[in-house]
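Participant: Take a look at the letters that make up each chain.
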Amino acid sequence: MSRYCEIKTQFKDRESLILALMETGGWTREQIEVHDTPVEMRRWGREKIAKANLIIRKKNVGQKTNTYAFNDIGFVKDENGQYQAIISDIDRKRSCDDKWLGKLTGNYAFRTLERDQRSRGRSVSRTRSENGRQRIEISGYR
Amino acid sequence: MIPTLEIDEKGNVHTLYTDEIDLYAIGEVCNVVKASNVEFNQARQEWEVTKVGSSLVLYSNKNRDAAINWEIENFGIQGKYYCGQGEL
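Quick mapping for you: the protein sequence lines, in order, are chains A and B.
9 is the number of the first residue of the first sequence in our numbering; add one for each residue after it.
-1 is the number of the first residue of the second sequence in our numbering; add one for each residue after it.
Quick caveat, the hints were computed from the structure, so don't treat them as lab data.
The beta carbon of each residue, even a glycine, is placed where N, CA and C say it ideally should be.
Among the clues, some could well be false.
Across the chosen pairs, the derived CB separations fall in these ranges [what the hints assert, rightly or not]:
hint, chain 1, residue 1, chain 2, residue 2, range
1, B, R62, A, R37, 23 to 29 angstroms
2, B, V30, A, N139, 20 to 26 angstroms
3, B, E37, A, R136, 37 to 43 angstroms
4, B, V27, A, D44, 52 to 58 angstroms
5, B, M(-1), A, K59, 42 to 48 angstroms
6, A, R134, B, D63, 24 to 30 angstroms
7, A, V47, B, V31, 40 to 46 angstroms
8, A, D44, B, M(-1), 53 to 59 angstroms
9, A, E87, B, N35, 37 to 43 angstroms
10, B, M(-1), A, T45, 29 to 35 angstroms
Pairs of lysine to aspartate or glutamate residues, derived as EDC-like cross-links and limited to a Cα-Cα distance of at most 16 angstroms, are as follows [stated by the list, open to error]:
hint, chain 1, residue 1, chain 2, residue 2
11, A, K16, B, D20
12, B, K8, A, D44
13, A, K20, B, D20
14, A, K20, A, E38
15, A, K16, B, E37
16, B, K32, A, E14
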């Protein structure tokens, strides 16, 4: 008997999130600050002061797309162990919109899956389609 | 055999459920619905694959693993009988 299922992706693993950020935003590992204890993000104007465990400083945020970012973007670990994105409203309309977040989330899912399967000695391949979907195949299963 | 997975535009994953992938590491598993059945037909001495809600036998084999592999291949993302959410 087989069952279909859906997995609502949640940012639980720090390393997979870093890899997904590097892939989606084009950042180097050095451009992603990692803090065990959340530190303050630099925010502009009326944006609320916030702290995060992972921070990409605003000077690097729109670097690849040449879109100036107004604030740092960050991810803070909540009480359930999940990382929540902190992106200002203005940057969500510019460099980090819903489409970008969907892409980041998908890349995170892929990186998590890839790390899990590699640890089991299997290889993972990915095909991207124009509509933004990714198809993942796993080989090496015995 | 491990089923193919699909990641949608929002970053959520769609697949046949399997314990060969740590799905819980990716996020919250939800919307679990039955796709097909593999039952033993004593009269024919074969394992038969049927779609949920139908008694039509789509495939049969004396080897249970072969029947299950056929089921994964044909009800999975790229399969002929896939009826999940959307296709690539």
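Participant: Please go over all the hints and tell whether each is borne out by the structure.
Facilitator: We went through each hint and held it up to the structure:
Roughly 47 angstroms separates the CB atoms of R62(B) and R37(A), a value that falls outside the hinted 23 to 29 angstroms. Separation of V30(B) from N139(A) is about 25 angstroms and conforms to the stated range, judged on CB atoms against 20 to 26 angstroms. The hinted window of 37 to 43 angstroms between E37(B) and R136(A) holds, with their beta carbons roughly 38 angstroms apart. Between V27(B) and D44(A) the beta carbon distance is about 29 angstroms. The supplied range of 52 to 58 angstroms is therefore violated.
For the pair M(-1)(B) and K59(A), the beta carbons lie near 46 angstroms from each other, so the given range of 42 to 48 angstroms is met. In this structure the hint that R134(A) and D63(B) lie 24 to 30 angstroms apart at CB holds, the actual value being about 27 angstroms. For the pair V47(A) and V31(B), the supplied restraint of 40 to 46 angstroms holds, since their beta-carbon distance comes to about 44 angstroms. Judged by the Cβ atoms, the range 53 to 59 angstroms given for D44(A) and M(-1)(B) is violated: they are separated by roughly 41 angstroms.
Range check, E87(A) to N35(B): about 41 angstroms between beta-carbon atoms, so the 37 to 43 angstroms window is met. Here the CB-CB span from M(-1)(B) to T45(A) is close to 45 angstroms, at odds with the stated 29 to 35 angstroms. Between K16(A) and D20(B) the CA atoms are separated by roughly 13 angstroms; this keeps the pair inside 16 angstroms, and the hint holds. Our distance criterion of 16 angstroms between C-alpha atoms is broken by K8(B) and D44(A), whose separation comes to about 28 angstroms.
Simply put, K20(A) and D20(B) have alpha-carbon atoms about 13 angstroms apart, close enough for the 16 angstroms limit, and the pair holds. For the suggested pair K20(A) and E38(A), the alpha carbons sit about 21 angstroms apart, so the restraint of at most 16 angstroms is broken. Taking the CA atoms of K16(A) and E37(B), the gap is about 31 angstroms. The hint is violated against a cut of 16 angstroms. Under the criterion of a C-alpha separation no larger than 16 angstroms, the hint pairing K32(B) with E14(A) is consistent with the structure, at around 12 angstroms.
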